[in-house]
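For the sequence shown, the positions run 1034 to 1575 when the numbering used here is used.
It is possible that some hints are incorrect.
[Stated by the list, open to error] SDA-like, lysine to any residue: derived pairs with alpha carbons at most 25 Å apart: (1) Lys1525 / Arg1352; (2) Lys1342 / Arg1274; (3) Lys1342 / Ala1276; (4) Lys1537 / Leu1326; (5) Lys1345 / Arg1331; (6) Lys1273 / Ser1493; (7) Lys1537 / Pro1293; (8) Lys1342 / Pro1293; (9) Lys1354 / Gly1394; (10) Lys1354 / Glu1403; (11) Lys1525 / Gly1244; (12) Lys1525 / His1294; (13) Lys1345 / Pro1439; (14) Lys1354 / Arg1331; (15) Lys1345 / Gly1394; (16) Lys1354 / Lys1273; (17) Lys1116 / Ile1085; (18) Lys1273 / Glu1441; (19) Lys1354 / Arg1309; (20) Lys1277 / Ser1392; (21) Lys1537 / Arg1452; (22) Lys1537 / Glu1507; (23) Lys1354 / Trp1310; (24) Lys1345 / Glu1285; (25) Lys1268 / Glu1441; (26) Lys1519 / Gly1244; (27) Lys1301 / Lys1519; (28) Lys1354 / Ser1529.
[What the hints assert, rightly or not] Quick list of simulated restraints, FRET-style, between CB atoms: (29) Gly1270 / Pro1094: 17 to 25 Å; (30) Pro1304 / Pro1456: 35 to 43 Å; (31) Ile1494 / Gly1270: 23 to 31 Å; (32) Glu1522 / Leu1267: 29 to 37 Å; (33) Leu1263 / Arg1101: 20 to 28 Å; (34) Arg1480 / Ser1549: 35 to 43 Å; (35) Lys1342 / Thr1458: 35 to 43 Å; (36) Gly1344 / Gln1484: 40 to 48 Å; (37) Pro1293 / Asp1181: 35 to 43 Å.
Calculated from the structure, these hints are not laboratory results. In this text the structure is predicted, and so the values were computed from the model without any measurement. A virtual CB, placed ideally from N, CA and C, is assigned to each residue, including glycine.
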Amino acid sequence: MAERVLRIGIVCHGPQLLHWQAECVRELQRVTGVELTLVLETRPPSRGNTSILYRWWLQRPSRTSALRMEDGAAVLEGLHRIKATDRSEADLLQELEPYRLDILLQFTAGELPAPLLQLPRSGVWRIHHGDTTGQVQGVPGLWEAFHDSRSTVAKLVRLTEAGGSVLRSGRFPTFLGSIDATAGGVLLCCSLWPAQVCRALLAGDADAAAGADAGPIARANRQPGNVEMLRVLLKQGAGKRLAKASAESTSEEWNIGVLPHPVGTLLKDEPSLNVRWLPPPAAGQYRSTPFGLVDQGRLNVLYEKFDLKMGKGLIGRLRPKKDNNLKRSRTVLESDGSLSYPFIVEQGGAILAVPEQVSTGRVDLYLLDEDRSSLTFVSTLLQEGLYSPTLFEHDGRWWLFGTLAPLEDAMLCAYHADRLEGPYTAHLLNPIKVDLASSRPAGTPFRYEGQLWRPARDGSISPGGRIALNHVTELSPTRFHEEPVKYIEPLKGPWSHGLRTLSKVGDITLVDGMRSPTGKTKRKAGNKASKKRGTKSVRDHQ
1034 MAERVLRIGI
1044 VCHGPQLLHW
1054 QAECVRELQR
1064 VTGVELTLVL
1074 ETRPPSRGNT
1084 SILYRWWLQR
1094 PSRTSALRME
1104 DGAAVLEGLH
1114 RIKATDRSEA
1124 DLLQELEPYR
1134 LDILLQFTAG
1144 ELPAPLLQLP
1154 RSGVWRIHHG
1164 DTTGQVQGVP
1174 GLWEAFHDSR
1184 STVAKLVRLT
1194 EAGGSVLRSG
1204 RFPTFLGSID
1214 ATAGGVLLCC
1224 SLWPAQVCRA
1234 LLAGDADAAA
1244 GADAGPIARA
1254 NRQPGNVEML
1264 RVLLKQGAGK
1274 RLAKASAEST
1284 SEEWNIGVLP
1294 HPVGTLLKDE
1304 PSLNVRWLPP
1314 PAAGQYRSTP
1324 FGLVDQGRLN
1334 VLYEKFDLKM
1344 GKGLIGRLRP
1354 KKDNNLKRSR
1364 TVLESDGSLS
1374 YPFIVEQGGA
1384 ILAVPEQVST
1394 GRVDLYLLDE
1404 DRSSLTFVST
1414 LLQEGLYSPT
1424 LFEHDGRWWL
1434 FGTLAPLEDA
1444 MLCAYHADRL
1454 EGPYTAHLLN
1464 PIKVDLASSR
1474 PAGTPFRYEG
1484 QLWRPARDGS
1494 ISPGGRIALN
1504 HVTELSPTRF
1514 HEEPVKYIEP
1524 LKGPWSHGLR
1534 TLSKVGDITL
1544 VDGMRSPTGK
1554 TKRKAGNKAS
1564 KKRGTKSVRD
1574 HQ
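Use the sequences and the hints to build the structure in full.
Laid out in structure tokens, this is it:
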């Protein structure tokens, strides 16, 4: 039986392509079973009323590489060219029919004739961005910056006469200090989507090109006038200054809490949220991303121990007691770079940990020794610097989830293996999800009433975020689907300004929480030492 081939045509204005569009074509060329067949050239749009300031901004030498023009001759070489402007609609359809197209990928903003939308077997696909504007050309993130929106939405849409259906979608962070950073991240991620859907189709997923009904889609492309563009640039400058000030200041403190209930109870309508917070950490430090185990009746917690003076995180260990007394914390792992998120896996009686260590560009597996005082390197699981690496077993396979820079709060990737030790293979659809509100792992996946659930950070709200509980309905080497069902807000109490971890430990749940910095946190270490000399407290040992 002959293997299936997808025949694809490209709709563009000519041999010049934007870099992200050329990358999109190159991604398609890498897919076994995809055959690029033709180029359909349409008339370029008139410049219209585009403002002078906007035109200047688009042509800056410093603009993001995604929006730079490049000669598309190399990626489109050998494809038959058809000029749509030279033919009537009937003649155009007649000339295209023999190519038996499966897909037309449209890089232009103009509308194609309705019969042409029905010609390819799997439709005409186009990238749109913006929640309601339906922008096709232009710059993703520009209008979002104008409206102070924390997220930017993009979609791969299959066009129909009535509107369209969404084949892929993503919610990206809007970098208010850099429209270029937003646009670059959005467009280069979107350039992967057509190839992803093609892989799914070739793997036998007949529904991959159907998508979810998007309803009517606005096609207009309103570009900013001079006054609007000036306002955007002023906002961008203010955003840069704010980001710099935030990076140079102590803007948050984190601590660990114990919720005396199984993590699954959070899915109930009115769960108990009476968390017991640990005593505050010492000034100049914070605790976050806790994971735990019970050993001989004692709760052991591994966590990120961040030291502001050192400017990096270590992996520490605590043993909280019911009376909230704490012995001195112990550092169990230290590195030249920052460490965080020490995800714990129990396997064959051994306690293993997979910490976040993005500075190494790897995901490493460590063994926690018997007295729970140090972590020893075992092996490298993946040559990728994953954020929030999360390792779990599902349906007889081991899965490693995490996010990747530069979209570490939004772009979720998955890897799978037959054995915990690997080797790990990238999921067919990586990145499997792009959503600022529900992608980045935020603790231990768990089962509730037989169903798999995955906590994820919601970075679309400020200041410290909340957690989405995703119901995973499909997870295999070729498919993935989950839906955020419930959001857990920051828990009440002194650490109620943020939440980013839910960690299952038997019948209890470890959490973390954020508060605004106190005066003590802002003191220099020398002042703290002189004022506190001779005084001992629980906090002095944390």
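Hint check:
{"no.": "1", "hint": "Lys1525 / Arg1352", "verdict": "holds, 23 Å"}
{"no.": "2", "hint": "Lys1342 / Arg1274", "verdict": "holds, 23 Å"}
{"no.": "3", "hint": "Lys1342 / Ala1276", "verdict": "holds, 20 Å"}
{"no.": "4", "hint": "Lys1537 / Leu1326", "verdict": "holds, 9 Å"}
{"no.": "5", "hint": "Lys1345 / Arg1331", "verdict": "violated, 28 Å"}
{"no.": "6", "hint": "Lys1273 / Ser1493", "verdict": "holds, 19 Å"}
{"no.": "7", "hint": "Lys1537 / Pro1293", "verdict": "holds, 11 Å"}
{"no.": "8", "hint": "Lys1342 / Pro1293", "verdict": "violated, 33 Å"}
{"no.": "9", "hint": "Lys1354 / Gly1394", "verdict": "violated, 36 Å"}
{"no.": "10", "hint": "Lys1354 / Glu1403", "verdict": "holds, 20 Å"}
{"no.": "11", "hint": "Lys1525 / Gly1244", "verdict": "violated, 40 Å"}
{"no.": "12", "hint": "Lys1525 / His1294", "verdict": "holds, 16 Å"}
{"no.": "13", "hint": "Lys1345 / Pro1439", "verdict": "holds, 19 Å"}
{"no.": "14", "hint": "Lys1354 / Arg1331", "verdict": "holds, 8 Å"}
{"no.": "15", "hint": "Lys1345 / Gly1394", "verdict": "holds, 16 Å"}
{"no.": "16", "hint": "Lys1354 / Lys1273", "verdict": "violated, 44 Å"}
{"no.": "17", "hint": "Lys1116 / Ile1085", "verdict": "violated, 31 Å"}
{"no.": "18", "hint": "Lys1273 / Glu1441", "verdict": "holds, 19 Å"}
{"no.": "19", "hint": "Lys1354 / Arg1309", "verdict": "holds, 11 Å"}
{"no.": "20", "hint": "Lys1277 / Ser1392", "verdict": "holds, 21 Å"}
{"no.": "21", "hint": "Lys1537 / Arg1452", "verdict": "holds, 22 Å"}
{"no.": "22", "hint": "Lys1537 / Glu1507", "verdict": "holds, 22 Å"}
{"no.": "23", "hint": "Lys1354 / Trp1310", "verdict": "holds, 11 Å"}
{"no.": "24", "hint": "Lys1345 / Glu1285", "verdict": "holds, 14 Å"}
{"no.": "25", "hint": "Lys1268 / Glu1441", "verdict": "holds, 24 Å"}
{"no.": "26", "hint": "Lys1519 / Gly1244", "verdict": "holds, 23 Å"}
{"no.": "27", "hint": "Lys1301 / Lys1519", "verdict": "holds, 10 Å"}
{"no.": "28", "hint": "Lys1354 / Ser1529", "verdict": "holds, 22 Å"}
{"no.": "29", "hint": "Gly1270 / Pro1094: 17 to 25 Å", "verdict": "holds, 19 Å"}
{"no.": "30", "hint": "Pro1304 / Pro1456: 35 to 43 Å", "verdict": "holds, 40 Å"}
{"no.": "31", "hint": "Ile1494 / Gly1270: 23 to 31 Å", "verdict": "holds, 24 Å"}
{"no.": "32", "hint": "Glu1522 / Leu1267: 29 to 37 Å", "verdict": "holds, 33 Å"}
{"no.": "33", "hint": "Leu1263 / Arg1101: 20 to 28 Å", "verdict": "holds, 24 Å"}
{"no.": "34", "hint": "Arg1480 / Ser1549: 35 to 43 Å", "verdict": "holds, 36 Å"}
{"no.": "35", "hint": "Lys1342 / Thr1458: 35 to 43 Å", "verdict": "holds, 41 Å"}
{"no.": "36", "hint": "Gly1344 / Gln1484: 40 to 48 Å", "verdict": "holds, 41 Å"}
{"no.": "37", "hint": "Pro1293 / Asp1181: 35 to 43 Å", "verdict": "holds, 40 Å"}
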